[in-house]
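With the hints as extra help, turn the sequences into a complete structure.
Chains A and B, in that order, give the protein sequences.
Read left to right, the first sequence gives residues 1 to 271 (this note's numbering).
Read left to right, the second sequence gives residues 1001 to 1310 (this note's numbering).
It is worth saying that the hints were derived from the structure and are not from the lab.
We put the beta carbon where it would ideally sit given N, CA and C, even for glycine.
Possibly wrong hints are sitting among the right ones.
[What the hints assert, rightly or not] Which chain A residues face chain B? A few, computed with CB under 7 Å, are given here:
1) L10
2) K11
3) A20
4) L34
5) A86
6) L89
7) T125
8) I208
9) D212
10) T215
11) L230
12) L252
13) S255
14) L257
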Amino acid sequence: MADLSKTMDLKRQAGFGTIAVICLIILYAPIIVLMLFSFNSGSQITKFEGLGLSWYASAFQNQEFYSATKNTLIISFTATIFSTIAAVLAAIGTTRVKPWPGMSWAFMIINLPLMVPEIITAVATLSFFALIAGAFGLNFGIGNIIIAHTVFCIPFAYMPIKARLEDMDLTLENAASDLYATPWQAFKRITLPLLMPGIASGTALAFIVSFDDFTITQLVAGPGQTTLPLFIWNQIRKPMTPEINAISTILLMVSILFISVSFLIARSRKT
Amino acid sequence: MMDAPLSPAAQVAAENDKAVSRRSRLLSLPALFIVFVFGVLPLVLICIYSFLKPYQNGGVVWQFSTDAYLNFLFQRDIFDDTLQFAPDFLIIYGRSIWYALFTTVVCLLLGFPTAYFMATRPPEQRNWWVLLITIPFWSNLLVRTVAIMFIIRDEGLINDMLIYFHVIDKPITMLYTDFAIILGLLYSFLPFMVLPLYSSLEKMDFRLVEAGYDLYASRWQVLRRIIIPLAKPGIVAGSLLVFIPALGAYVPPLILGGGRHLMIGDLIAQQFGSGRNWPLGSAQALILMAAVLVALYFYSRNEAGPVKHG
Chain A
1 MADLSKTMDL KRQAGFGTIA VICLIILYAP IIVLMLFSFN SGSQITKFEG LGLSWYASAF
61 QNQEFYSATK NTLIISFTAT IFSTIAAVLA AIGTTRVKPW PGMSWAFMII NLPLMVPEII
121 TAVATLSFFA LIAGAFGLNF GIGNIIIAHT VFCIPFAYMP IKARLEDMDL TLENAASDLY
181 ATPWQAFKRI TLPLLMPGIA SGTALAFIVS FDDFTITQLV AGPGQTTLPL FIWNQIRKPM
241 TPEINAISTI LLMVSILFIS VSFLIARSRK T
Chain B
1001 MMDAPLSPAA QVAAENDKAV SRRSRLLSLP ALFIVFVFGV LPLVLICIYS FLKPYQNGGV
1061 VWQFSTDAYL NFLFQRDIFD DTLQFAPDFL IIYGRSIWYA LFTTVVCLLL GFPTAYFMAT
1121 RPPEQRNWWV LLITIPFWSN LLVRTVAIMF IIRDEGLIND MLIYFHVIDK PITMLYTDFA
1181 IILGLLYSFL PFMVLPLYSS LEKMDFRLVE AGYDLYASRW QVLRRIIIPL AKPGIVAGSL
1241 LVFIPALGAY VPPLILGGGR HLMIGDLIAQ QFGSGRNWPL GSAQALILMA AVLVALYFYS
1301 RNEAGPVKHG
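Here it is as structure tokens:
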């Protein structure tokens, strides 16, 4: 047992590495195949005929793709801004205070969209907007989707911001108030700059969740309010061309970019 | 709290602090307002809807009725108006629970070794593994599911390859089967299992493993008696994070089931779409919600125990 290599190997369990690699293959093989075939110059979605960017060119000339991108960007930017502002305020209101009665209820309400299955949120929101439209004649158009997205983006933005506030060293904030800074000055000059990584991470998550949403958008969206995921859904019900691979690849790249940024920010704050 | 009397200046400062603290609470209001009005009220609304009558073009007629719940289990005979037991919806619920349980078990069998392997890598490598598992977690689920569809179609990559290498002459039908849906669920929710397991295994004290070996335990004994019990909070959290969304899954059965093998999520969406029976859809949604709450209740009971969740 004194064999050194054996003692270093104590944590090893046979076959676990193989399973880990299998998991990666399961998770990535479909994505990689999809991406590879977006560079196919032929017209088959899974028969490779040659390398080319023609399907990207055709996607960028597609009027429907263009308007879906526009809708998606309007919705996700607005929902991200609203939800991040609400989340920053809520994170301060639940961490920089003495615990107040009902705070656990506040946590539960803010995190509610994470606990309820998305399809339930979707039909409930649909019913709600239908009721408002029927009873008060109010229809916010694309605003309906923005509101629905803001609701479920709030917990995603809230979590990293709250975590950051809880990890932060209070000495600086206390020092600021000892030096007669008003609460607003202390917030603006000390808390906010230190909180920035948390806010950036929360913003990235809120954006990606809104950008990718399909279920809620599909049920809430009215005619002409096609977002990119809805556009893909419409495409796969028709005869498909590799254009769908190109568009899907663009969507995946956006997700991957935002997740990696959020991940790197979160990691840099630990070191 | 200090018992000694405060100087007047300190008292003023303390009062100010209290006032600031009390005002800061109000900062939670915008978020609470948005989620309450547009998140909680709609849920209350579908509770009400489930006790109303359907309007023929979708929507509701404001008349009290328990038909939605009756229709869940029974069908009214058109001729003599008697109720007859109709297990159609129950079968879909049963199937969804079965799919979700099966997915959870397979995710655990694949996810535990993966998370353990990740947790035993050198720290720098661990970060890369976590990033690799995190990317699919946040990537567009619809696109990922469509990617699966491309691969398992009759004219998809797997069948084309098998035919090309003369393993088979006719494509094996995989799309629109139970296999396709379960594969889709597995692939969608695997990261939900790996990440919580990893976070509980990463914090594990490996000196306990060492102690186990010192006491002549075999690798299997160490795994079963030391590692798995210590990872239990992660196992419970991961299982729930897979089970709950898998039970209410909408996208994987929609795209890979082709409407032939419905799950609860699609059933609910159908009532609000072509079914035009919003009360029934609301009732079905609430029954799903009840199942989720039962699962969460067991989770909170488990978490409140002596083992702290990592």
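Hint check results:
no., hint, result
1, L10, "holds, 6 Å"
2, K11, "holds, 4 Å"
3, A20, "holds, 4 Å"
4, L34, "holds, 4 Å"
5, A86, "holds, 4 Å"
6, L89, "holds, 4 Å"
7, T125, "holds, 5 Å"
8, I208, "holds, 6 Å"
9, D212, "holds, 4 Å"
10, T215, "holds, 5 Å"
11, L230, "violated, 9 Å"
12, L252, "holds, 6 Å"
13, S255, "holds, 4 Å"
14, L257, "violated, 10 Å"
Hint compliance for this structure: hints 11, 14 are broken, all remaining hints hold.
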